Every structure is written in C-alpha cells, then in structure tokens.
Amino acid sequence: SAVISQKPSRDICQRGTSLTIQCQVDSQVTMMFWYRQQPGQSLTLIATANQGSEATYESGFVIDKFPISRPNLTFSTLTVSNMSPEDSSIYLCSVVRQGTVDEQYFGPGTRLTVT
Amino acid sequence: GDSVTQMEGPVTLSEEAFLTINCTYTATGYPSLFWYVQYPGEGLQLLLKATKADDKGSNKGFEATYRKETTSFHLEKGSVQVSDSAVYFCALSDRDNYGQNFVFGPGTRLSVLP
Numbered sequence: 007s008a009v010i011s012q013k014p015s016r017d018i019c020q021r022g023t024s025l026t027i028q029c030q031v032d033s034q035v036t037m038m039f040w041y042r043q044q045p046g047q048s049l050t051l052i053a054t055a056n057q058g059s060e061a062t063y064e065s066g067f068v069i070d071k072f073p074i075s076r077p078n079l080t081f082s083t084l085t086v087s088n089m090s091p092e093d094s095s096i097y098l099c100s101v102v103r104q105g106t107v108d109e110q111y112f113g114p115g116t117r118l119t120v121t
Numbered sequence: 059g060d061s062v063t064q065m066e067g068p069v070t071l072s073e074e075a076f077l078t079i080n081c082t083y084t085a086t087g088y089p090s091l092f093w094y095v096q097y098p099g100e101g102l103q104l105l106l107k108a109t110k111a112d113d114k115g116s117n118k119g120f121e122a123t124y125r126k127e128t129t130s131f132h133l134e135k136g137s138v139q140v141s142d143s144a145v146y147f148c149a150l151s152d153r154d155n156y157g158q159n160f161v162f163g164p165g166t167r168l169s170v171l172p
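Protein chains in written order, with this note's numbering: chain A, 7 to 121; chain B, 59 to 172.
One should not assume that every hint holds.
If you anchor each label on the Cβ, the simulated ranges turn out as follows [to be verified]:
1. B/Gly59 <-> A/Asp70: 22 to 30 Å
2. B/Leu71 <-> A/Thr62: 38 to 46 Å
3. B/Tyr97 <-> A/Thr50: 17 to 25 Å
4. B/Ser137 <-> A/Val68: 22 to 30 Å
5. A/Thr121 <-> B/Lys126: 33 to 41 Å
6. B/Gly67 <-> A/Pro114: 16 to 24 Å
If you want the ones that stay clear, here's a sample from chain B, every Cβ over 12 Å from chain A, calculated [what the hints assert, rightly or not]:
7. Ala111
8. Lys126
9. Thr129
10. Leu171
Simulated from the structure, these hints should not be mistaken for lab results.
All values derive from a computational prediction rather than experimental measurement.
Quick reminder that beta carbons are idealized off the backbone N, C-alpha and C, glycines included.
Between the sequences and the hints, there should be enough to build the whole structure, so can you do that?
Here it is, written out as structure tokens:
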C-alpha cells in the first residue's frame, strides 16, 4: 500500500476565505484524485490531478472554485476558494500506485467546517 | 454509465453475529470489484478486491465473491466484532474510452454491539 498524508487534518474557516489542502505520498503514483465526502454521504469525485497539467474536473466542479496543482508524482494540493457553509465537508486525496491500475489508496482526509 | 448499489443502513448486530452487506453493480465493461472500510474519523481503507468472475476476495475474516451472473459482490463475515463498526463501501473500477473509471456505492454503516 501507499502511505498518504494530508494537511491540515481539520480546519474551521470563515466564509469568503480560501483553504489549501496538501496531499503527500511516500512513493510514486500514477493517478491522484480529490474527493469530497459530505456528512453521512458517499464520496463524490471532484477531479483527477494531472502531473504538470490542468486537472480534469467532474461535472459540477470548476477550476475557479477548486484549483488543483500537481507539480510532481508524489504531491498535490486542492484549494477550496471563496468558501461558504455548503463547502463544509471532508476532503479526501486518493492515489493509484505504480504497478496497479485499479487499487485506490486514500489519505486520512481533511475535515473542513465553514462558519 | 456504471453504478453500484448497496443495501441501506444502518445495520446493527450483536457481537459474533453473521454479517451480510449486499452489493450489486452495473457496468459496461468487465470491472474489478472492491470493498472499502472507513472507520470513524479516518479515510477509506481497501478491505478486499476481486478482478474476475468467481474470484473470492478475503481479508480480516471478511469475504466477497465476484458473481458475474447476478452482478453482485456481497460482503460477508461469519462473526463480527465491536471493532468492525464502520462504514463499508462497495466500489468498482472499469476502463472506458476516457481512462480508468472508479464508482463508489453509497456506503453501509455497521454498528456492532457488545
């Protein structure tokens, strides 16, 4: 498996501000994803983080609201911009390791509360 | 498109009871199937997987068999423990024209009482 860390683990933010979440993996991976998990709900894919190019966003998510960077094979950031209480959620980073095509490994998540 | 359906929770069992969580899927291709577990306050952990028909995935006493004829991947455990209390997600991975596609079910919350 891959060891994945996320920072911060949790935060409470005021509406209108932005928060950047970091995801660091201990080994090179082929794919990195960002998910949102609202309380008591399943996972919703926000985007695929592509190394050295723009992320691929799912329907309903846009780059202006959720800018993503992936400067190398082991690191990515997700920014939640101009936050509102509706953005309160858990944000999860996941990866697919090199040598596998379909096993995802997840970070511990970042619990965001917007007041 | 691909989809995953799970039995609705919450499921409440006594310790040492038998567990079944039903999962069915629809897919255009030939997917790999997974069960993930999420303990309180944590991310998802891969519990087990199966990649082809009649394969049985197993881990930590949990089992699931890939049934292509019924498009199902039901999770079972013979004797649950309090420490198994968590949310369980059934998922599939498939390849389409755009690359690798991952789909998660809605999750089933399991509570095991001592």
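The hints, checked one at a time:
1. B/Gly59 <-> A/Asp70: 22 to 30 Å: At roughly 26 Å between Cβ atoms, A/Asp70 and B/Gly59 fall inside 22 to 30 Å, so the hint holds.
2. B/Leu71 <-> A/Thr62: 38 to 46 Å: 41 Å, holds
3. B/Tyr97 <-> A/Thr50: 17 to 25 Å: Cβ of B/Tyr97 to Cβ of A/Thr50: about 20 Å, so the range 17 to 25 Å holds.
4. B/Ser137 <-> A/Val68: 22 to 30 Å: 48 Å, violated
5. A/Thr121 <-> B/Lys126: 33 to 41 Å: 49 Å, violated
6. B/Gly67 <-> A/Pro114: 16 to 24 Å: The hint (16 to 24 Å, Cβ to Cβ) holds, given that B/Gly67 and A/Pro114 are roughly 22 Å apart.
7. Ala111: Given that every Cβ of chain A is farther than 12 Å from that of B/Ala111, nearest at about 16 Å, it holds.
8. Lys126: 17 Å, holds
9. Thr129: Non-interface label stands for B/Thr129: nearest chain A Cβ at 18 Å, farther than 12 Å.
10. Leu171: The assertion about B/Leu171 holds, with a minimum of 20 Å to chain A.
The structure does not agree with the numbered hints 4, 5 stated previously, though it agrees with the rest.
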